[in-house]
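S.K.: Sequence:
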Amino acid sequence: MRARDEIALQARDLARRLMALEEGTIRARAAARALAAMAPERAAAVIAVLVDGAARDPGPAAAVGQALLDPGAGIGYDQLAGVYLAAAERSLEQVTSLFLAPPPHRAWEEPFDKSDPRIAHLTLGHKKSLARKHRDPDLLARLAAEGEPSVVRELVRNPQLTEAFAVRIAARRPCRPETLRCLFEERRWRTRPAIALALVRNPYLETEIALKLLPALPARELKEISRDGSLHLLVRALARRLEGDRRRPARGAG
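So the working numbering is basically just the index in the sequence shown, starting at one, shifted up by 146.
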């Protein structure tokens, strides 16, 4: 069996095992253990296959992205460095981009006046309690607009929160990067295509998160992102690369 076929088979086997697990920390930690057991060159190649296949099945690539973000996932520094170097030597940009953590394209600046008269008198604890269980859409919107990360973290766990509301939070500008990260870290929302797209299109999102969400987006959205001058150059470059890779097989099929 050729090396390329072996890598594809190993990637499919890993994807199958990961998708049998609960999405979130359990799946990400399993991805970390599997990658840590591979030689760096093989791990880089397997990650590349998973990322390239994210348009059809984003789950495994998302788990790998979460594993690389989580310092407690169990991938040692030497292994991470080895995978990065192996990917860089082979020009696997879809892999090296997962290791990059540049700041958001737009820097967050605290507004001079952010007080909302309806909630300004509330303590942080009271706001978090309201965000966790309140049903009033106007109040939830006010709490979301204030953008305090610890409050939004409770808000995105509120069962009354709709996807449309979550998209509004993801698209809000300006916005604290930590606030946007709350959506990425919440299992309920991070795999929703509309929310992933809104996050990636937000220049206040941490670039490392945008790079990890990109592989799951459809080619049409990738093309638009690659042309969006408000986004980080790395985000646009990877979007262009992924979109081009997906068009290439279609050309050959004709």
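Hint data in this document are derived by calculation from the structure and do not stem from the laboratory. Be aware that one or more of the hints could be misleading.
[To be verified] DMTMM-like mimics (lysine to aspartate or glutamate), calculated; alpha carbons at most 25 Å apart, straight line: (1) Lys279 / Asp262; (2) Lys279 / Glu255; (3) Lys274 / Asp203; (4) Lys279 / Glu324; (5) Lys279 / Glu169; (6) Lys279 / Glu331; (7) Lys274 / Asp284; (8) Lys369 / Glu239; (9) Lys274 / Glu255; (10) Lys274 / Glu292; (11) Lys279 / Glu300; (12) Lys369 / Asp391; (13) Lys279 / Glu332; (14) Lys369 / Asp203; (15) Lys274 / Glu294; (16) Lys274 / Glu331; (17) Lys279 / Glu239; (18) Lys274 / Asp262; (19) Lys279 / Glu294; (20) Lys274 / Glu239; (21) Lys279 / Glu309; (22) Lys369 / Asp198; (23) Lys274 / Asp198; (24) Lys279 / Glu292.
S.K.: A separate judgement is required for each hint: does it hold in the structure or not?
M.R.: Hint check results:
Distance check on the hinted pair: Lys279 and Asp262 sit about 20 Å apart at the alpha-carbon level, within 25 Å; holds. Simply put, Lys279 and Glu255 have alpha-carbon atoms about 29 Å apart, too far for the 25 Å limit, and the pair is violated. The suggested pairing of Lys274 with Asp203 is violated, with an alpha-carbon distance near 35 Å, which exceeds 25 Å. A hinted pair counts as satisfied when its Cα atoms are at most 25 Å apart, and Lys279 with Glu324 qualifies at roughly 21 Å.
The straight-line distance between the Cα atoms of Lys279 and Glu169 is roughly 24 Å, inside the 25 Å bound, and the hint therefore holds. Pair hint Lys279 plus Glu331 holds up; C-alpha atoms about 19 Å apart against a cutoff of 25 Å. For the given pair, Lys274 sits about 15 Å from Asp284 by alpha-carbon distance, which is consistent with the 25 Å threshold. For the hint pairing Lys369 with Glu239, the CA-to-CA distance comes to about 17 Å; that is within 25 Å, so the pair holds.
Pair hint Lys274 plus Glu255 holds up; C-alpha atoms about 23 Å apart against a cutoff of 25 Å. Pair hint Lys274 plus Glu292 holds up; C-alpha atoms about 12 Å apart against a cutoff of 25 Å. Only pairs whose Cα atoms come within 25 Å are accepted, and Lys279 paired with Glu300 is accepted, the gap being roughly 9 Å. Distance check on the hinted pair: Lys369 and Asp391 sit about 12 Å apart at the alpha-carbon level, within 25 Å; holds.
The hinted pair formed by Lys279 and Glu332 meets the criterion: a straight-line CA distance of about 16 Å does not exceed 25 Å. Distance hint between Lys369 and Asp203 is fulfilled; the C-alpha atoms sit about 19 Å from each other, no more than 25 Å. For the hint pairing Lys274 with Glu294, the CA-to-CA distance comes to about 10 Å; that is within 25 Å, so the pair holds. Between Lys274 and Glu331 the CA atoms are separated by roughly 17 Å; this keeps the pair inside 25 Å, and the hint holds.
A C-alpha spacing of about 43 Å is found between Lys279 and Glu239, which places the hinted pair above 25 Å, so the restraint is violated. Between Lys274 and Asp262 the CA atoms are separated by roughly 16 Å; this keeps the pair inside 25 Å, and the hint holds. This hinted pair checks out: Lys279 and Glu294 have alpha carbons roughly 17 Å apart, not beyond 25 Å. With a C-alpha separation of about 40 Å, the suggested pairing of Lys274 with Glu239 is violated against the 25 Å cut-off.
This hinted pair checks out: Lys279 and Glu309 have alpha carbons roughly 16 Å apart, not beyond 25 Å. With a C-alpha separation of about 16 Å, the suggested pair Lys369 and Asp198 falls inside the 25 Å cut-off, and the hint holds. At most 25 Å may separate the alpha-carbon atoms for a hinted pair to count; Lys274 and Asp198 exceed this at roughly 39 Å. This hinted pair checks out: Lys279 and Glu292 have alpha carbons roughly 17 Å apart, not beyond 25 Å.
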